[in-house]
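Q: Chains A and B are the protein sequences, given in the same order.
When we follow my numbering, the leftmost residue of the first sequence carries the number 1, and every step to the right adds one.
When we follow my numbering, the leftmost residue of the second sequence carries the number 1, and every step to the right adds one.
It is worth saying that the hints were derived from the structure and are not from the lab.
Every value quoted in this text rests on a predicted model; they were computed, and no experiment measured them.
Hints may be right or wrong, so weigh each one.
When chains are identical, the list treats them as one kind, so a pair holds in a single copy or across two.
[As the list claims (entries may be wrong)] Using 16 Å as the maximum straight-line C-alpha spacing, the simulated EDC-like pairs for lysine to aspartate or glutamate come out as follows:
| no. | residue 1 | residue 2 |
| --- | --- | --- |
| 1 | 88 | 368 |
| 2 | 47 | 126 |
| 3 | 131 | 53 |
| 4 | 127 | 210 |
| 5 | 214 | 267 |
| 6 | 226 | 99 |
| 7 | 302 | 147 |
| 8 | 214 | 99 |
| 9 | 4 | 25 |
| 10 | 334 | 311 |
There are 2 protein chains.
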Amino acid sequence: MIRKEYLMTPGPTPIPPEVSLVQAEPIIHHRTPAYTELFVRMVEGLKKVLLTENDVLTFAASGTGAMEGAVANCFSPGDRVLVAAGGKFGQRFAEIAREYRLEVEYYEYAWDEAADVEVISRLLREKPDIKGVFVTHSETSTGIVNDIRSIGEAVRDTPAILVVDSISGAGALELRTDEWNIDVLVTGSQKALMTPPGLAAAAVSPKAWEYVEKAGSPAFYFSFSKARKKYRSDTPETPFTPAVSLVMAMSKAVDILLQEGLEAAWERHRMLALCTRAAVQAMGLELFPKVLERAYAVTAIKAPEGISGGEIVRHMNRVHGVIIAGGQEQLKGKIFRIGHVGYYNFFDMAVALTALELTLNALGFPLEPGSGVGAAERVYLELTAG
Amino acid sequence: MIRKEYLMTPGPTPIPPEVSLVQAEPIIHHRTPAYTELFVRMVEGLKKVLLTENDVLTFAASGTGAMEGAVANCFSPGDRVLVAAGGKFGQRFAEIAREYRLEVEYYEYAWDEAADVEVISRLLREKPDIKGVFVTHSETSTGIVNDIRSIGEAVRDTPAILVVDSISGAGALELRTDEWNIDVLVTGSQKALMTPPGLAAAAVSPKAWEYVEKAGSPAFYFSFSKARKKYRSDTPETPFTPAVSLVMAMSKAVDILLQEGLEAAWERHRMLALCTRAAVQAMGLELFPKVLERAYAVTAIKAPEGISGGEIVRHMNRVHGVIIAGGQEQLKGKIFRIGHVGYYNFFDMAVALTALELTLNALGFPLEPGSGVGAAERVYLELTAG
Numbered sequence: 001m002i003r004k005e006y007l008m009t010p011g012p013t014p015i016p017p018e019v020s021l022v023q024a025e026p027i028i029h030h031r032t033p034a035y036t037e038l039f040v041r042m043v044e045g046l047k048k049v050l051l052t053e054n055d056v057l058t059f060a061a062s063g064t065g066a067m068e069g070a071v072a073n074c075f076s077p078g079d080r081v082l083v084a085a086g087g088k089f090g091q092r093f094a095e096i097a098r099e100y101r102l103e104v105e106y107y108e109y110a111w112d113e114a115a116d117v118e119v120i121s122r123l124l125r126e127k128p129d130i131k132g133v134f135v136t137h138s139e140t141s142t143g144i145v146n147d148i149r150s151i152g153e154a155v156r157d158t159p160a161i162l163v164v165d166s167i168s169g170a171g172a173l174e175l176r177t178d179e180w181n182i183d184v185l186v187t188g189s190q191k192a193l194m195t196p197p198g199l200a201a202a203a204v205s206p207k208a209w210e211y212v213e214k215a216g217s218p219a220f221y222f223s224f225s226k227a228r229k230k231y232r233s234d235t236p237e238t239p240f241t242p243a244v245s246l247v248m249a250m251s252k253a254v255d256i257l258l259q260e261g262l263e264a265a266w267e268r269h270r271m272l273a274l275c276t277r278a279a280v281q282a283m284g285l286e287l288f289p290k291v292l293e294r295a296y297a298v299t300a301i302k303a304p305e306g307i308s309g310g311e312i313v314r315h316m317n318r319v320h321g322v323i324i325a326g327g328q329e330q331l332k333g334k335i336f337r338i339g340h341v342g343y344y345n346f347f348d349m350a351v352a353l354t355a356l357e358l359t360l361n362a363l364g365f366p367l368e369p370g371s372g373v374g375a376a377e378r379v380y381l382e383l384t385a386g
Numbered sequence: 001m002i003r004k005e006y007l008m009t010p011g012p013t014p015i016p017p018e019v020s021l022v023q024a025e026p027i028i029h030h031r032t033p034a035y036t037e038l039f040v041r042m043v044e045g046l047k048k049v050l051l052t053e054n055d056v057l058t059f060a061a062s063g064t065g066a067m068e069g070a071v072a073n074c075f076s077p078g079d080r081v082l083v084a085a086g087g088k089f090g091q092r093f094a095e096i097a098r099e100y101r102l103e104v105e106y107y108e109y110a111w112d113e114a115a116d117v118e119v120i121s122r123l124l125r126e127k128p129d130i131k132g133v134f135v136t137h138s139e140t141s142t143g144i145v146n147d148i149r150s151i152g153e154a155v156r157d158t159p160a161i162l163v164v165d166s167i168s169g170a171g172a173l174e175l176r177t178d179e180w181n182i183d184v185l186v187t188g189s190q191k192a193l194m195t196p197p198g199l200a201a202a203a204v205s206p207k208a209w210e211y212v213e214k215a216g217s218p219a220f221y222f223s224f225s226k227a228r229k230k231y232r233s234d235t236p237e238t239p240f241t242p243a244v245s246l247v248m249a250m251s252k253a254v255d256i257l258l259q260e261g262l263e264a265a266w267e268r269h270r271m272l273a274l275c276t277r278a279a280v281q282a283m284g285l286e287l288f289p290k291v292l293e294r295a296y297a298v299t300a301i302k303a304p305e306g307i308s309g310g311e312i313v314r315h316m317n318r319v320h321g322v323i324i325a326g327g328q329e330q331l332k333g334k335i336f337r338i339g340h341v342g343y344y345n346f347f348d349m350a351v352a353l354t355a356l357e358l359t360l361n362a363l364g365f366p367l368e369p370g371s372g373v374g375a376a377e378r379v380y381l382e383l384t385a386g
């Protein structure tokens, strides 16, 4: 067969053709009205995607840059912060906080569970000097999605600010930055925002700005104050040269997302997850997360007895051109992950699931061809009926 | 006339069509052999462009990010550093160093002069606890290019490391990272590297690595150690999601630059600068820099009596579609700048110079049409003869 590649990892993800092409257009200078218009359109669009009226700041960087920005801009060495981590990206917040010499209260929950709001509330009561709570919205390494709404309620009436990494959530999963009391919401371009990697954003609440005023850690490239000042100037721009071609792309991609409608996009992701889930279960596989509520960005699946996740990933890629992801850190070899966050529809899942059926049969895990895809179709019909 | 746009600013600069188009190709996952090959090719190519065997680290960020990386990775609060600044980008090093609470010895030279090596040597003798010397290679805001070779000799035998911003120099101007004893060389994608903005690089010497070991400032996204470790692993990559489409582009652009030949590219930039210079002088204008040696990246020109630089920039853009730059900070209104760093040949200059002749005539600075372009042609013929 002619090899075609199907990028089905939880980021980077495929780009709509019209977004890809816009990058090939001539570079425009970032201090011209044409750029300003494009840039403001993108930022104002992002506010709609994040459901926020807070300042949305953008950086030429991948999402981790904005995560570091949250730590560097809001805190001082010695500040106590609570990091809730149940996967690789939760851990990253703790690593960054320790790099900045914050006092990290590390709440590690099981990787197949969601963070327990009660534990967070208790820790906030026990240690009232906690100044920040860091949580991952969609933990890409496990597929788990946390209940940010409840965590936001728990943090709201404390002095602490809530910092949320929604790099693989924003645009795909229900996320209400302002309503849920998220003080710093961090996201990146390369997942549901359907843009190549290299742009990051942070939405910063008034409560967080009070922290920014007092913070004593160094921040320059990721300085929130500098970014806000430049955006609020007569000719809104970024303090440093922006990634012009990526801004051109993301401006287009945000348009596409808003045209679909935010709630329609959330529903699409839920549908893709429920179809994928039904399919792999019909194939006789087991899902990794114990908490499936809200887990609509990536489906993490346990590798069946005797077959490693890596083998499945390699076979899918080499033989079928379908690129999915394995497990990371402690989950290496134990799980594999199918991403459906971003520019995907049902037929992308049909490709991935068909390839998975062929792969499992080839690797000695026999199953009835079509059993998984059939189950996905049934869920699709049910969810799209009427 | 049909409007065509000619981007003639000193960054971002135009992109070769084949580099533009590569960005529109499907996103490849950054943990696949295809990406690794592309990425290694780019980094090893960059080493050839920078004439270095030091570790070359890349970041999804604009050049300022790597400048901050140099400060954050190599120093600790309280360290004394010498910053030589004669323009906006020299100042930026001082701002970053102060943000990291370094003790800044600020040597400000006149904006129309180059840094005086004797002053740097004297300061290093007087304050032997200076741990770092920060210099701008090509100061984009003034057109001045510093004598990095001599500064490197002055710093070499001291305990200090030499940090050089060559964002608008690398690939355009003679630059010999290792031979000139540059310990941290910082550059960006969007000038002579003929790629859109959003990628930065740092070449780090063994002497600088000793500083990195001891440094006490926080560094995470721009961590040199993390970047080196990942690049040296079995599957070279970056610690955080790379800007895939920009890496695809820069890999191609570096190929194009190396195919032209590094010394040929330097000679091309020198030729474009000498042509531009001769042209504007023939038009009766005065060059801004007093030191013209090595100043081949951008030509800074004094606005003639009674006409502001901004007026010239605006007229060139609005009427002729030729986008040049004005003066920054203290030079606002006083100068205008024509960039010729990157993907330019003689005919690009012919366009810019013709438009400038038309503009000056329109703004009440009469001159003989063709006088500037003619002078440029004569220099071109002379330099390309034989």
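Q: Each hint: holds or not?
A: Quick rundown of the hints versus the structure:
Taking CA atoms no more than 16 Å apart as the test, residue 88 paired with residue 368 passes in neither setting, with 35 Å inside one copy and 67 Å between copies. Taking CA atoms no more than 16 Å apart as the test, residue 47 paired with residue 126 passes in neither setting, with 35 Å inside one copy and 53 Å between copies. In this homomeric assembly, residue 131 and residue 53 never come within 16 Å of each other (Cα to Cα): the closest approach is 23 Å inside a single copy and 45 Å across copies. For the homomeric pair residue 127 and residue 210, neither the shortest alpha-carbon distance inside one copy (21 Å) nor that between copies (40 Å) is at most 16 Å.
Taking CA atoms no more than 16 Å apart as the test, residue 214 paired with residue 267 passes in neither setting, with 40 Å inside one copy and 51 Å between copies. Proximity of residue 226 and residue 99 under a CA criterion of 16 Å is satisfied inter-copy only: 12 Å between copies versus 22 Å inside one chain copy. In this assembly of identical chains, residue 302 and residue 147 lie within 16 Å of each other by CA distance neither inside one copy nor across copies; the values are 23 Å within and 60 Å between. In the homo-oligomer, the alpha carbons of residue 214 and residue 99 lie at most 16 Å apart only across protomers (14 Å), although the nearest pairing inside one protomer, at 19 Å, exceeds that limit.
For a Cα distance limit of 16 Å, the shortest separation of residue 4 from residue 25 across copies, 13 Å, qualifies, whereas the shortest one inside one copy, 26 Å, does not. Only within a single protomer do residue 334 and residue 311 lie at most 16 Å apart by alpha-carbon distance; the minimum there is 10 Å, versus 65 Å between protomers.
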